[in-house]
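> Assemble the complex: chain W is given as a structure, and chain L must be docked to it using the hints.
For the record, the sequence lines run as chains W and L.
Per this note's numbering, residue 1 is the first one in the first sequence, and the count goes up by one each step.
Per this note's numbering, residue 1 is the first one in the second sequence, and the count goes up by one each step.
If you are wondering where the hints come from, they were derived from the structure by calculation, not from laboratory data.
Accuracy of the hints is not assured; some may be wrong.
What the hints assert, rightly or not - Derived pair list, reagent style DMTMM-like, types lysine to aspartate or glutamate, alpha-carbon separation capped at 25 Å: (1) W:Lys216 to W:Glu206; (2) W:Lys216 to W:Asp146; (3) L:Lys181 to L:Glu255; (4) L:Lys181 to L:Glu251; (5) L:Lys181 to L:Asp48; (6) W:Lys216 to L:Asp48; (7) L:Lys181 to W:Asp222; (8) W:Lys216 to L:Glu55; (9) L:Lys181 to L:Asp166; (10) L:Lys181 to W:Glu223; (11) L:Lys181 to L:Asp236; (12) L:Lys181 to L:Asp169.
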Amino acid sequence: MNLLALETATESCSVALLAGERLFARSELAPRRHAELLLPMCEEVLAEAGLARRGLDAIAVGCGPGAFTGVRLAISAAQGIAFALGIPVVPVSSLAALALQAPDGDVPILAVVDARMGEIYAGWFRRGADGLVEPLGAETVGPAADVPLATHAACHVVGSGWSTYHEVLRSRLGVEPAWAEGDRYPQAVDVARLALPRVGEGVAPEHALPVYLRDKVALTLDEQRRNR
Amino acid sequence: MNQPIAKAGHGPVLGVETSCDETGVAVFDPARGLLAHTLYSQIRMHADYGGVVPELASRDHVRKLMPLVRETLARAGLGVADLGGVAYTAGPGLVGALLVGATAARALAWSLGLPAIGVHHMEGHLLAPLLEADPPEPPFVALLVSGGHSMLIEVAGIGRYTLLGDTLDDAAGEAFDKTAKLMGLPYPGGPALARLAEQGRPGVFRFARPMTDRPGLDFSFSGLKTQVLLAWQHSDRAEQTRADVARAFEEAIVETLAIKCRRALAQTGARRLVIAGGVGANRRLRAELAEAGAREGFSVHFPRLEFCTDNGAMIALAGALRLAVGQHETPEIRVRPRWDLASLPPVA
Numbered sequence: 001m002n003l004l005a006l007e008t009a010t011e012s013c014s015v016a017l018l019a020g021e022r023l024f025a026r027s028e029l030a031p032r033r034h035a036e037l038l039l040p041m042c043e044e045v046l047a048e049a050g051l052a053r054r055g056l057d058a059i060a061v062g063c064g065p066g067a068f069t070g071v072r073l074a075i076s077a078a079q080g081i082a083f084a085l086g087i088p089v090v091p092v093s094s095l096a097a098l099a100l101q102a103p104d105g106d107v108p109i110l111a112v113v114d115a116r117m118g119e120i121y122a123g124w125f126r127r128g129a130d131g132l133v134e135p136l137g138a139e140t141v142g143p144a145a146d147v148p149l150a151t152h153a154a155c156h157v158v159g160s161g162w163s164t165y166h167e168v169l170r171s172r173l174g175v176e177p178a179w180a181e182g183d184r185y186p187q188a189v190d191v192a193r194l195a196l197p198r199v200g201e202g203v204a205p206e207h208a209l210p211v212y213l214r215d216k217v218a219l220t221l222d223e224q225r226r227n228r
Numbered sequence: 001m002n003q004p005i006a007k008a009g010h011g012p013v014l015g016v017e018t019s020c021d022e023t024g025v026a027v028f029d030p031a032r033g034l035l036a037h038t039l040y041s042q043i044r045m046h047a048d049y050g051g052v053v054p055e056l057a058s059r060d061h062v063r064k065l066m067p068l069v070r071e072t073l074a075r076a077g078l079g080v081a082d083l084g085g086v087a088y089t090a091g092p093g094l095v096g097a098l099l100v101g102a103t104a105a106r107a108l109a110w111s112l113g114l115p116a117i118g119v120h121h122m123e124g125h126l127l128a129p130l131l132e133a134d135p136p137e138p139p140f141v142a143l144l145v146s147g148g149h150s151m152l153i154e155v156a157g158i159g160r161y162t163l164l165g166d167t168l169d170d171a172a173g174e175a176f177d178k179t180a181k182l183m184g185l186p187y188p189g190g191p192a193l194a195r196l197a198e199q200g201r202p203g204v205f206r207f208a209r210p211m212t213d214r215p216g217l218d219f220s221f222s223g224l225k226t227q228v229l230l231a232w233q234h235s236d237r238a239e240q241t242r243a244d245v246a247r248a249f250e251e252a253i254v255e256t257l258a259i260k261c262r263r264a265l266a267q268t269g270a271r272r273l274v275i276a277g278g279v280g281a282n283r284r285l286r287a288e289l290a291e292a293g294a295r296e297g298f299s300v301h302f303p304r305l306e307f308c309t310d311n312g313a314m315i316a317l318a319g320a321l322r323l324a325v326g327q328h329e330t331p332e333i334r335v336r337p338r339w340d341l342a343s344l345p346p347v348a
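Bound-form chain W, shown alone:
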């Protein structure tokens, strides 16, 4: 199995190639440079593995939530590559990939990404028997102070949402996290790990679409009139 993974939903731009048992990866914290970095990074990992582009079997992609333009970049690239090569796309939650960075253990993991405008993208996960993570409920977006958020007796917290809103989140969670890191971003290696057992569920490129969570981005004329 040769699986190429892309993840550009946040400040970090990363790609990973699982070629059989071997793993090749590139990652860079490079806000606003993702578009120019993405394909050259893919080229580098393929060259390092000695693999031709036509040797790829599937594309894994972090489908968000995250920065809208960033999420679309990885999705559009995944669509283009998969269409060209006639291979499936395996979309993976960028929050799940982020949660995978928390330490091992039977502790619920809160993955939080700073969503700007005073809001966070948030999702709870737990470790599965396979060492990967599975969701505990639906992912959400909303103000850090009042987005619906489950509480647990203990937790791990990971992601940029913690850097920006750790004070608010501490009071929301009601417990001090056993482990918390704000300076973490979803990575393509984790997208690849999550996608690998699900390659059989891969979809055609036109069905690999972004997950924005924030769906109200403009007011219709009717809504503008009502607000006046």
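Leaving out everything else, chain L in the frame of chain W:
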């Protein structure tokens, strides 16, 4: 329905356009001409918002692009393995919208080891008449009139463009849309205003021909909009009056454009005029310029109506011309929301 191009250095070129609110895909074969094209317009979605919402435009391009690519290749009877290159609009336009098409197209080409080229959207419009049976040979003067642009450009050769005149405020298409809105027509009102004008009587109202009383090739249409608003507000606001105002407004725009076109031809010595962009679909403009050409001895070239507005065919054609002389992009995906037409490298 198409023209081959002389230098056929490679196979069919896939063209992708996503610079604003239309998703366009086409395949142009340098040896056989245009093989297929498809278009999806988002106009109805944006109408609920009174104008194009950039984020919604980007979201719709992501949903529509791949199905259109699949459909276009099927209509052309081609598989991806038959392609010789990929072209995409790299600018100018909405950055998020541009990125969707540029990324998918660049990644598709990269996967197949095909050359890819980022095309200037306006060059696409300028060269759209080359998709027709009787294509104009450079040098020519092009009038580029759309919702975003009102430009006169001297085309010395493919890729050799000099800006002769530009709008100082509203673009011609923008003036149509804004005036339509002032007169109570729903977004996008430009085409509706033009239809209304056909019911209008000549000579009931008359508006100034802006900036024609002095030398130069620049345009200004925002004052005209104000004149129309005043005339409309002080009228009886009957249906026939609305049509009469629309008629006078359209005549003012069309005559202004025609005066500047004739000036540009005189200034450059060119004998061929190309009309491109969405306003190029306007019937009165087409009739007025065709008449002026017949009277004064210059030829006038219009793309067919569907290639006046944004489309993938013009991008595939412009890309094919550049790929044929060996121009192409590196794997870095780059879009240019602002991009000077005169900075393009020449092709011929």
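> Quick check: which numbered hints come out false for this structure?
No hint contradicted; all consistent.
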